[in-house]
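Visitor: Read off the chains here:
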Amino acid sequence: MRVERELMRGAGPVAVLKLLTAGEKYGYELVDALARESDGVLAMGQSTLYPMLYNLEAKGLIESRWSRADSGRRRKYYRITDRGAKRLATDSRQWQALARAMASLGVLEGGAATGTNTLGGAIA
Amino acid sequence: MSSAAEQADASGRGKAPVAARTADELLTSAGLPEALEHLVGSVLKRTRLWPRERLDVAAELISHFQEGLEADADADTLAESFGDARRAARLIRRATKRKRPAWWRAYAMSLRSFIILICLLFAAYVVQTVRVFVGKPDIRTDYVAQLNEPIAAIPQQDRAWPIYEQAGAMLEDEPQYGMNREPRPGEKRWEILESHIIAQAEALELARAAARKPAYGRELTTGFMDEPPMSNDPGRLDESLIGVLLPDLSVMRDIARQLRIDTWHAAANGDADRAVANVRAMIRMGDHTSEVRILISDLVRLSIWNYAIDLTLEVLHRHPELWTDRQLVTLAHELAVLGGEDGISVSFDIEKMMIHDIIQRIYTDDGSGDGYLTASGVRALAGIADFGVVPSVLDEEVGQMALLPVMSAVVAGRKEMTARHEELWALMKRDASTPLWEMTFEADRAVDEMYQSRLNKLRYYPLSILMPAVGRAAVLPELLKQRRDGALVALAANIHRRRTGSWPASLDEMVPGLLPELPRDRYDGSVLRYALTPDGPVIYGIGPDMDDDGGRLPRTGSGRVLLDDVRRGPDARGVDGKPVDGDWVLYPPYLEPLELEFTDEEMAELQDWEDATN
Chain D
641 MRVERELMRG AGPVAVLKLL TAGEKYGYEL VDALARESDG VLAMGQSTLY
691 PMLYNLEAKG LIESRWSRAD SGRRRKYYRI TDRGAKRLAT DSRQWQALAR
741 AMASLGVLEG GAATGTNTLG GAIA
Chain A
20 MSSAAEQADA SGRGKAPVAA RTADELLTSA GLPEALEHLV GSVLKRTRLW
70 PRERLDVAAE LISHFQEGLE ADADADTLAE SFGDARRAAR LIRRATKRKR
120 PAWWRAYAMS LRSFIILICL LFAAYVVQTV RVFVGKPDIR TDYVAQLNEP
170 IAAIPQQDRA WPIYEQAGAM LEDEPQYGMN REPRPGEKRW EILESHIIAQ
220 AEALELARAA ARKPAYGREL TTGFMDEPPM SNDPGRLDES LIGVLLPDLS
270 VMRDIARQLR IDTWHAAANG DADRAVANVR AMIRMGDHTS EVRILISDLV
320 RLSIWNYAID LTLEVLHRHP ELWTDRQLVT LAHELAVLGG EDGISVSFDI
370 EKMMIHDIIQ RIYTDDGSGD GYLTASGVRA LAGIADFGVV PSVLDEEVGQ
420 MALLPVMSAV VAGRKEMTAR HEELWALMKR DASTPLWEMT FEADRAVDEM
470 YQSRLNKLRY YPLSILMPAV GRAAVLPELL KQRRDGALVA LAANIHRRRT
520 GSWPASLDEM VPGLLPELPR DRYDGSVLRY ALTPDGPVIY GIGPDMDDDG
570 GRLPRTGSGR VLLDDVRRGP DARGVDGKPV DGDWVLYPPY LEPLELEFTD
620 EEMAELQDWE DATN
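Protein sequences appear in the order of chains D and A.
To convert, note that position 95 of the first sequence is 735 in our numbering; the numbers rise steadily by one, no gaps.
To convert, note that position 51 of the second sequence is 70 in our numbering; the numbers rise steadily by one, no gaps.
Hints listed in this document are in silico derivations from the structure and should not be mistaken for laboratory results.
Keep in mind that the hints are not guaranteed to be accurate.
[What the hints assert, rightly or not] Derived contacts from chain A toward chain D, CB cut-off under 7 Å, selection only:
id, residue
1, Arg-106
2, Leu-110
3, Thr-115
4, Glu-168
5, Ala-172
[Unchecked claim] Restraint ranges, calculated between C-beta atoms of paired labels, are given here:
id, chain 1, residue 1, chain 2, residue 2, range
6, D, Ala-741, A, Glu-435, 41 to 47 Å
7, A, Ile-135, D, Leu-748, 32 to 38 Å
8, D, Asp-679, A, Thr-96, 39 to 45 Å
9, A, Leu-140, D, Arg-719, 44 to 50 Å
10, D, Thr-730, A, Phe-141, 40 to 46 Å
11, D, Gly-700, A, Thr-41, 47 to 53 Å
12, A, Val-153, D, Ala-737, 21 to 27 Å
13, D, Val-747, A, Cys-138, 42 to 48 Å
14, A, Cys-138, D, Ser-744, 46 to 52 Å
15, D, Asp-679, A, Thr-41, 51 to 57 Å
16, D, Gly-680, A, Ser-48, 58 to 64 Å
[To be verified] Taking lysine-lysine pairs in the BS3-like style, the calculated list, with each CA pair at most 30 Å apart, reads:
id, chain 1, residue 1, chain 2, residue 2
17, D, Lys-726, A, Lys-597
18, A, Lys-118, D, Lys-699
19, A, Lys-500, A, Lys-597
Treat the numbers as computed from the prediction; the structure is a model and nothing was measured.
Where a beta carbon is used, it is the ideal one built from N, C-alpha and C, also for glycine.
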């Protein structure tokens, strides 16, 4: 299932910040993780992801560094900053409130998501 | 961490540690499949980022696709999953720019604001241009016709102007004495004037006959510009009140000047009747001149009356026994009621109409009193005066196109202009109805303030060009009242002397028998000064220096002052620029010394007169 762009615009950055709490990641890794850990719901094209990463970086929520992998390939790793962590905590609470509200309205069946993956933990 | 990565961290977090100098070089050397290379190249090109930023983005995208290829994804799938290149480029550009330094973002914001401002101004300019050129004035009132209506009803036989005109045409120019005053009978070169004035007898008789007519009867005509630049333009001002032609004023002044000479001649030859007839004719001429009370006509009226008053004082002084008692009383009565009900005054009523007329011809009319300046209106304004406040490029069509919308935006709207005018006009009317000693000159100050600011001068054009000349006019009647009152006292004192054999010791002796009331000094509101000396009475006011010098003339002469100096107190300066330390002596009249020093040119001209008269 694909998520509407407007919803994705709000959910995407939170999802990325949440993924980075587990440790620094490079772009391809984030694309892969988003698709995998959200069962494809939050899969986003790189045309969306990289601008999002640059935006988060511009806001000081994440920072990047170049590093060389064992394969010898250069990778740009992103990691969450303290500021990003605070924002994630704030956003998470908002998402939780939203999820509860949607659940109480019956929009979300059986309560909020209860997945055990990285993203589920963030959004639940 | 590899050494390259370490290098990157050391040299700047987030910057690509690549050897390539440009993004294109990096892309070429990356060895990506053609589809991906094209995709990355396309994105990079569209981002229009700085080279260093492009290099960073290129490195990341190349790295991304290389990861994908290494994970056994094929190039087409990777390209497809990337998404829309155009959108990616746009978003990357936007996001990357947010990472730029604060100074750059501030600069970019300023530049963007500036460009937006320019665009807005341009749009406003275009809208204004269309507005200005499309807008047309709506002329609803023909003020000239309105003023002419009662004049047209005057029967021909009651009209004085046709006779004055005839007299003016018959009059020959009087001899000119350069900067000198004219000589009086008995003075050097009087004979030139005398022979001239004798030759004008017929014309002057006609003028006196004209003065006996009950009305002036001259209809106003217009034609401000010889070749109006907008002959088919409804906003033309040559048909407005300000375009009214007043060639009659110079004729009336000519006649008055020559009646003055004729009076000196008559008095010197004992012709009391002619002398008194001339003075009375001049009083009537003043009334006639301002039948329509345009300010300039009012000023000429004051000037002619001034001649009449001067003559009265001078004849009384030089020929004290010329006039009979009855003639003295007649003159006193006529001088006492100068101007009829309005008295000695200037009226700004026509000037008010004049401004309203201009406004209706240069502005649009939205029906509720407002409107904006039209293109034809600005061009019309350009024709009415020295356009010092308006760029001369308005003479050129291109300049008009370019500047008219701006001018229309800067010049006050119809409602504001009308309101400002009403405000100034009310101040002027108040000054004009206030004695000099109580005058606040607020109108003067308001006009001066308006005139001193170049922006206001333009904003309230045409008020700024018309009002300065108008404002100070309120002072002139006050000065003339003082002269007239001086003449009334002199007449009364002479009558008293004849009746009792001695001059009155004070003004009180003449009130109420010879003077209805004690005349006021227009400078301080106190009673006009009267001092009896062995040579006769001295009638005087304290003058612009505002102190009583015992009837002493200013050391520099008559003490005539510029209007601006009327109430300056000790700082008052005469027309010669020197301090006016002394009193304004009304009687005996002061005559400047007759120097009769002429330039060669003046001398040659006088010689011609002498030759002609011999």
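Visitor: Compare the structure with each hint and give your call.
Guide: Hint by hint, here is what the structure shows:
no.	hint	in the structure
1	Arg-106	holds, 6 Å
2	Leu-110	holds, 3 Å
3	Thr-115	holds, 5 Å
4	Glu-168	violated, 76 Å
5	Ala-172	violated, 83 Å
6	Ala-741(D) <-> Glu-435(A): 41 to 47 Å	violated, 57 Å
7	Ile-135(A) <-> Leu-748(D): 32 to 38 Å	violated, 44 Å
8	Asp-679(D) <-> Thr-96(A): 39 to 45 Å	violated, 19 Å
9	Leu-140(A) <-> Arg-719(D): 44 to 50 Å	holds, 48 Å
10	Thr-730(D) <-> Phe-141(A): 40 to 46 Å	holds, 45 Å
11	Gly-700(D) <-> Thr-41(A): 47 to 53 Å	violated, 29 Å
12	Val-153(A) <-> Ala-737(D): 21 to 27 Å	violated, 58 Å
13	Val-747(D) <-> Cys-138(A): 42 to 48 Å	holds, 45 Å
14	Cys-138(A) <-> Ser-744(D): 46 to 52 Å	holds, 50 Å
15	Asp-679(D) <-> Thr-41(A): 51 to 57 Å	violated, 41 Å
16	Gly-680(D) <-> Ser-48(A): 58 to 64 Å	violated, 35 Å
17	Lys-726(D) <-> Lys-597(A)	violated, 84 Å
18	Lys-118(A) <-> Lys-699(D)	holds, 8 Å
19	Lys-500(A) <-> Lys-597(A)	holds, 25 Å
Against the hints set out earlier in the document, violations occur for numbers 4, 5, 6, 7, 8, 11, 12, 15, 16, 17.
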